[in-house]
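Those protein sequences? They're chains A and B, same order as listed.
Okay, so the first sequence: first residue is 0 according to numbering that gives the first Met the number 0, each after it adds one.
Okay, so the second sequence: first residue is 0 according to numbering that gives the first Met the number 0, each after it adds one.
Rather than coming from a laboratory, the hints here were simulated on the basis of the structure.
The model shown is predicted, which means the values in this text are computed figures rather than measured ones.
It cannot be assumed that every hint is accurate.
Here are a few chain A residues that sit away from chain B, every Cβ distance over 12 Å (derived from the structure) [as the list claims (entries may be wrong)]: (1) 37; (2) 60; (3) 62; (4) 67; (5) 79; (6) 104; (7) 124; (8) 133; (9) 192; (10) 217.
If you want the footprint, here are the derived chain B segments under chain A, 3+ residues with CB under 8 Å [as the list claims (entries may be wrong)]: (11) 62–75; (12) 83–96.
Here are a few chain A residues that face chain B, going by a calculated C-beta distance under 10 Å [as the list claims (entries may be wrong)]: (13) 8; (14) 12; (15) 26; (16) 27; (17) 41; (18) 45; (19) 59; (20) 66; (21) 71; (22) 72; (23) 75; (24) 80; (25) 151.
In this text, a Cβ means the ideal position worked out from N, Cα and C, and glycines have one as well.
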Amino acid sequence: MDVESEGSSALRLIKQGAEARIYAADFLGRPTIVKERFKKKFRHNVLDDKLRHKRTMQEVRSMHRCRKAGIATPTVFFIDSNDYKIYMEEVQNSITVRDYINSLKEDKESNLRKLAKIIGTILASMHNIQVIHGDLTTSNMLLKKTNDIEIADLVLIDFGLSSISSLAEDKGVDLYVLERAFLSTHPNTEDAFKVILDTYKTFKGSSEALKKLDEVRLRGRKRTMVG
Amino acid sequence: MTSKIDVTMTSSSSPPVLGSEHLPTGTTPLPQWSAIGNSPRMSLKLNGKYWLHIALFCQVTNLEELKQGLIDNKISAAFINPALIVGIFQLSVAAFKAAHLQDINKMKTRNVHSELLYSLSPSKNIAGSFKKFGLSNDSNAVIVAVIDTDSEENSSKFQMAIQAVKGERIGIEKINDFSKYEDIKKIYSITDAELNTTDLVDAVVNKMAVKDA
Ligand SMILES: Nc1ncnc2c1ncn2[C@@H]1O[C@H](COP(=O)(O)OP(=O)(O)O)[C@@H](O)[C@H]1O
Ligand SMILES: [Mg+2]
Numbered sequence: 000m001d002v003e004s005e006g007s008s009a010l011r012l013i014k015q016g017a018e019a020r021i022y023a024a025d026f027l028g029r030p031t032i033v034k035e036r037f038k039k040k041f042r043h044n045v046l047d048d049k050l051r052h053k054r055t056m057q058e059v060r061s062m063h064r065c066r067k068a069g070i071a072t073p074t075v076f077f078i079d080s081n082d083y084k085i086y087m088e089e090v091q092n093s094i095t096v097r098d099y100i101n102s103l104k105e106d107k108e109s110n111l112r113k114l115a116k117i118i119g120t121i122l123a124s125m126h127n128i129q130v131i132h133g134d135l136t137t138s139n140m141l142l143k144k145t146n147d148i149e150i151a152d153l154v155l156i157d158f159g160l161s162s163i164s165s166l167a168e169d170k171g172v173d174l175y176v177l178e179r180a181f182l183s184t185h186p187n188t189e190d191a192f193k194v195i196l197d198t199y200k201t202f203k204g205s206s207e208a209l210k211k212l213d214e215v216r217l218r219g220r221k222r223t224m225v226g
Numbered sequence: 000m001t002s003k004i005d006v007t008m009t010s011s012s013s014p015p016v017l018g019s020e021h022l023p024t025g026t027t028p029l030p031q032w033s034a035i036g037n038s039p040r041m042s043l044k045l046n047g048k049y050w051l052h053i054a055l056f057c058q059v060t061n062l063e064e065l066k067q068g069l070i071d072n073k074i075s076a077a078f079i080n081p082a083l084i085v086g087i088f089q090l091s092v093a094a095f096k097a098a099h100l101q102d103i104n105k106m107k108t109r110n111v112h113s114e115l116l117y118s119l120s121p122s123k124n125i126a127g128s129f130k131k132f133g134l135s136n137d138s139n140a141v142i143v144a145v146i147d148t149d150s151e152e153n154s155s156k157f158q159m160a161i162q163a164v165k166g167e168r169i170g171i172e173k174i175n176d177f178s179k180y181e182d183i184k185k186i187y188s189i190t191d192a193e194l195n196t197t198d199l200v201d202a203v204v205n206k207m208a209v210k211d212a
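Chain B on its own, in the form it takes in the complex:
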């Protein structure tokens, strides 16, 4: 039975316009913004045990050094290319999953931060996931993400990671300035039909979640 059936959905709602309105809408109570000097940062509680600390940098000049720091285990953090990130919710869901898998000893990668990168990816190819979501020579903007039981002030992992970055720290709310929406749609295989019923960050998170199904 190969007769091609053509069902056209006639929804009158137009596809969502890609942009900052795709930032999660329900996150108001959780992210705790703290502007310290001119280096705004963000931390949020993943669950009863873990925090996620995030910082955004642009004009980063020492990508190779940061890569080496990860390889040598001198830095305990995830360095993420912001091009494929649509919102904080995407990051926090990936971090939640990584922390969860760490706690039940079911990580597929070396540590909780590589697991965060892998969780962001729609693909089961680990090396490919690191390449796409990790530090990239195409971008000198970097998201620093640290999962820790310690709060921001006490997290030596986070403090060490942000001190290692040579670049300009900017407010995390600028995260969408670096999002490449067409790449995101392609990598997460998001259809325009799907965007008629849901927004981009939900489509992305859904795709991340169904990877294991």
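Just chain A, with the same shape it has in the complex:
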């Protein structure tokens, strides 16, 4: 484990991704996750700075926009804009939706259905405020607890690729990204995914995005057929 003495307390590296390092730390008494977008040596310096800056700021802005609409996201404590670090609340005792689904045993079907309804509602709510997440996967959703889950227990994270758009096309693609990730990560969950879309559908304004989802699927299929 990498220990780097800096800031409020030592940063303990817990995950090294392609774009960002995730550290755990204590920040002024609060358990904290520090997400650092590190320098990419192969990228041109100026471009690299711009990209790191843009993704860091976009992540924080979209998290804030979601929060204001009642969608749970980690509290941002501090942005270190020199090093492109976001200090945010560590969601305590949380597990990713991915791990949650993989852990389901008894009552799998009913728990999946409940989860799917929550995801569908949150996505509709998020698209309603024109936030396009950009990287919807079951690893980018955290659950605060695993029993009697409700809407406030699902925390959305990883908004670095997010954007603001009212276009049905962008919402459709957002759903498509999730569909691909969901079904490939969790085999035999077609029914659950359908519940996500059915729930999403019950909200006003969703039909255009779902129509676009159909179109994007078709395009995707054509593309894979061509190779």
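Add chain B with the ligands to chain A, keeping to what the hints say.
Coordinates of chain B with the ligands only, in the frame set by chain A:
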């Protein structure tokens, strides 16, 4: 595309009740309470280098004198109106940011203590931030906050600042007695929807942080 979409979140958890339960929950190991005589004070370590020393006063009678002391650089401290403060965490985050910006030479204001006030504010208007978060004629309660490399006993800045205040020093745990929750929600533009998923001090700190985003 202007069709108004109406998505109602149906969370069964009720909004948090505003009150002292909004004090940060995770701060147990850090604040070091020290009751000296009947003048309880508090200090906490911001990072490896800086301390934050805090004292709370009520019935302060020399606000004008304190203002002048800041202008003349005789006092090195932040005097904060407690009305817009929900918890120590809010103060320590603002102080951390001020100290950080001082160290990398990126402060937007004159000194680390004015930067603390500015960091508390959700707005980029510096003069307006001082007016809202600094000494106010509407309140005779004052939080004294000092960022220093010296610990409490050795901090001459802190000792001078608290000696300058003519008023009654009270325990910092009374900080929430002065919080004006409706004003806080308004100034930090906090929605009731947000308070369904987070508590007030987190909503405030989040808003402080996103100011630069
Ligand atoms: N605020 C947080 N609280 C708890 N765990 C988190 C938090 N943020 C990230 N994580 C954990 O770190 C992982 C990676 O974080 P993420 O923001 O998705 O970065 P990446 O871009 O590397 O995917 C998440 O899947 C989750 O397990
Ligand atoms: Mg991720």
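Checked hints:
no.: 1; hint: 37; in the structure: holds (18 Å)
no.: 2; hint: 60; in the structure: violated (5 Å)
no.: 3; hint: 62; in the structure: violated (8 Å)
no.: 4; hint: 67; in the structure: violated (5 Å)
no.: 5; hint: 79; in the structure: violated (7 Å)
no.: 6; hint: 104; in the structure: holds (26 Å)
no.: 7; hint: 124; in the structure: violated (5 Å)
no.: 8; hint: 133; in the structure: holds (16 Å)
no.: 9; hint: 192; in the structure: holds (20 Å)
no.: 10; hint: 217; in the structure: holds (22 Å)
no.: 11; hint: 62–75; in the structure: violated (count 0)
no.: 12; hint: 83–96; in the structure: holds (count 5)
no.: 13; hint: 8; in the structure: holds (8 Å)
no.: 14; hint: 12; in the structure: violated (19 Å)
no.: 15; hint: 26; in the structure: holds (8 Å)
no.: 16; hint: 27; in the structure: holds (5 Å)
no.: 17; hint: 41; in the structure: violated (27 Å)
no.: 18; hint: 45; in the structure: violated (20 Å)
no.: 19; hint: 59; in the structure: holds (4 Å)
no.: 20; hint: 66; in the structure: holds (5 Å)
no.: 21; hint: 71; in the structure: holds (4 Å)
no.: 22; hint: 72; in the structure: holds (8 Å)
no.: 23; hint: 75; in the structure: holds (4 Å)
no.: 24; hint: 80; in the structure: holds (6 Å)
no.: 25; hint: 151; in the structure: holds (5 Å)
Violated hints, in rising order: 2, 3, 4, 5, 7, 11, 14, 17, 18; the structure is consistent with all others.
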